[in-house]
Amino acid sequence: MKGTYLGEFQEVVLLTILVLNENAYGVSIQEEIERRTGRSVSRGALHTALTRLDEKGFISSEYGGATAERGGRRKRFYQVTNLGKSSLEEAKSLREDLWSSVPKVALQKVQG
Amino acid sequence: MPENQYHMPPKLASSFLRWFCKPSLVEDIEGDLMEDFNDHIETKGLRRARFIYFWSVIRFLQPFAIKKMSSSKFNTIMFRNYFKTSLRSIARNKLFSFINIFGLAVSMSVCLLMISILSEVKSYENFHEDASDIYRITNFYKYLEEESGLYASTSVIAGKRLKEEVPGIKSATIMRRNFRDDFVYENQKYALNGIWADEQFFNVFSFEVINGNPQTALLNPKSVVITDETALKIFDQLDVIGETIMKGDEPYQVTAVVKKPPFNSHIKFQILGSFSTLDEQQMQRNSTGWLGWSNMWMNYVYFKTDKGFSIGNIQASLDKISTDQNSREKYTNIQLGTQPILGIMTGPGMYNDLGSPMGSQTLWILGILSLVVILSAGFNYTNLSIARSLRRAKEVGIRKVVGAKKGQVFSQFIVEACLISILSLILAYVVFLLIKPLFLSLNPNMARILQLELTLTTAIYFVVFALVVGLMAGFLPSLVLSRLKAIQALKTSVSTKLFSSVNLRKALIVIQFTLTLGFIISANVAYNQFEHSMNFDKGFDSENILSVRLAGNDPEQVKTLFESIPEIEDISMAAMVLGTGERWGDYLKYKDPLDSTTIYYSSIDQNYIPMFKHEVIAGTNFEREHISGLHSEIIVNETILSRFSIGSPQEAIGEQIQVGTDKMTIIGVVKDFHYAPIDQPIECFGFIQKADDIQLLNLKVSSKNLPIAMDKLKAIWEDLDEVHAFDASFHSEEIARAYDTYELMFTIVTFLAFISVSIACLGLLGMSVYTAETRMKEISIRKVLGATESSLIQLLAKGFMLLLLIAAIIAIPATYYLFDTVILADQMNRISIGINEMGLGVLFIFIIGFLTISSQIWKAARANPSTTLRNE
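For the protein sequence lines, the chains are A and B, in the order given. First residue of the first sequence: 7, per my numbering; consecutive thereafter. First residue of the second sequence: 1036, per my numbering; consecutive thereafter.
Among the hints, erroneous ones may be present.
[Unchecked claim] Pairs of lysine-lysine, DSS-like flavour, derived with a Cα cap of 27 Å:
id, chain 1, residue 1, chain 2, residue 2
1, B, Lys-1057, A, Lys-62
2, B, Lys-1198, B, Lys-1355
3, B, Lys-1295, B, Lys-1157
4, B, Lys-1520, B, Lys-1573
5, B, Lys-1102, A, Lys-62
It is worth saying that the hints were derived from the structure and are not from the lab.
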């Protein structure tokens, strides 16, 4: 279980890749996360997460064409693998399971 | 955005990223950063964007991104391989390895000597606490328009005013030299030499105190501080505080015992006397001279500044003091200056220095000479390695085919060069140990200021030095070899690219021989100058004259005792040995009270002038039987007459001149003679008769039975004086000692010339062996076609001899210029440098060079063509 554990940030990254669909590469992922969550993500942190996800086999990547704005470097596009997708679903179902088990009373916010 | 010119991010950051980042990630990360960078330029400006880029790169220094550095295991394996191939190649080419190692070792030993000298000189005075804050006061002294000079000594008043008026001084001490006497303890005499110093002495300097309170030790008059060595000599123990020793009839109390000053201190003493002793005496006498501004010949002032206080401010205060004091003087102008204590050993030469500084000039000369020698040996390595790189080309080719990168091949050959230089270092250290005692005994001064002991620091310097030499010498060959293309290297034919370095090799040979020739010519010139000085007619005859130092004994008494020896033909008295550079001076005035010059003088008796065969051209010698305290008569040299336009020698007799404060009558005129070393001009000189000045007896010894006479003299002396050793030397020897510098220069340059010739010839030998080897087939074919041996030698030696010729053409004018306008330029009575001095050296090198080359080529030319041409 340890190997497939999905951290919160990694989950966000995976989902963002899915959201971006065809256009998921370093810069766009970062911008998308910043736009949606409003938190700033450092390049290093994002790449750490991407590397971890890659090691776990949750994402795969392939190089796209070189562009001038990247100084002739190619974009590396990421896709979520089936393993990644199932792990996302697993995480989601785990959560839903937990959600459904929470008694309604417990969710009521305490006054004061 | 696309229409914009894209800016490039900082190169340094990008290459850093590429260096540490995993190759699989680099492209991606770099691209992202680049995109960010261009965004940031638009939003935040170029400067800020560059900064962010830098920062982001640094933030990528995380474990996931850093590539696995080529594992250390891989490296050691590779290095072990380099090491092994290097050793094999050294062992395979015994001759070349020998030439390289031997040449490097010999010249490295000279450099080791230099390194230890430098590090020892650098270590001077650094044992003092806050040594960088310690300074001494120097005096720039000028009298009217004549005489000016920089003195390490200063006046007492300068020290006192410094203590009272100058802000920023933590502590300051006034010292005075010549605290020297025969001290008496329990009827035993001990000749001790030391300095007077005041109570702040131990605040400024950090000499180690064994017993006693350093703060108060030198406070009271008649106190002395002795070193542990002195204490053991006199009292046989160290706990001697409160003991008294007698100086003349005055008792001095021992207040502290200190460790003997370390070797690397320019202040050396056996005993310290409290300065207050002198101060009190002089102040009671109320003598004006004591606090005189121009009484600056004996005293020294050292001070320590407050932390962080700029020496510039202190100098400003000193300038004020100088201006104030100078305004009260008529003719004298003295400017106070400062010199850091750490700079004394390498500082400019000063009069009245307490120690004997090495001088930056000497260090520079020695440094440059050893650099030249090591360059020469380095050239050998470079030259031979490049020449022989043809042989290694195949190895390089194979390595490259197997996958070696340029950098790896480069480092392989650098490792080889370093290995050779480390092997040389071992040999060099042995040579260093051999030449060290020789070097130290070259000059008595050397042994006094240098020890040249191996310390950890110097050992580290040695190793670092060897590695640097290896790197430098190996750089070019490694570069040439690493640039080889595999395909070129593996082709059987000689690759054309290698031959582009032929010109470089020729240039190196020319430089090497130019330097060598320079050394040889210099040695020759120095030797001739030395000979010239020794045989120069100095204007007097000092043959077989033995000078005996009286060491305070009564001259008349000693004279009477010595007269009983039959081998002694004549005895005269004098104040000093003339011709050595020792001189006493005073002011000399004639009629005009404002027109003064310096007169140098010596006190003599009536026997002196005939004994030394001085030519009296007018007037008479001193006539009184015994010299007395009266000294109203003077015998002058011709220069005085012309300096003051006194007229002809005959007219001068009976004229009055003033020497210092004494009026004197000229009773005789002697022909000008060299009372100083001949490289100095003849100035005003006079003989006077002043009994107090007499320091030595000159004995004319018959040339037979010299040893017997010496033994007798010694025996008589030892009966007379038990404290001082018999100190006698021949006049001519003492004079010869004054020309030490030439002799020293000659010895050093000859030694270096010898080394340099050997190295250059070894190199030439290597090159000719190589040439003979590679052109073996050509030689054989020529021989088959009918070439004679001599024509073959001519053919092959021609190229080398041409190089030697070019070297000679460069070296001769360069050396001539060096000696003519730099080294000997301000010398009087120097030799002229002629064809002989130059030509001999060149001839010598040509012969040696030709023999070296032809020996190898001859061997090749004599070989049987059938054996060399058999296999093809």
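Cross-check of the supplied hints:
no. : hint                        : verdict
1   : Lys-1057(B) <-> Lys-62(A)   : holds, 18 Å
2   : Lys-1198(B) <-> Lys-1355(B) : holds, 14 Å
3   : Lys-1295(B) <-> Lys-1157(B) : holds, 20 Å
4   : Lys-1520(B) <-> Lys-1573(B) : violated, 71 Å
5   : Lys-1102(B) <-> Lys-62(A)   : holds, 19 Å
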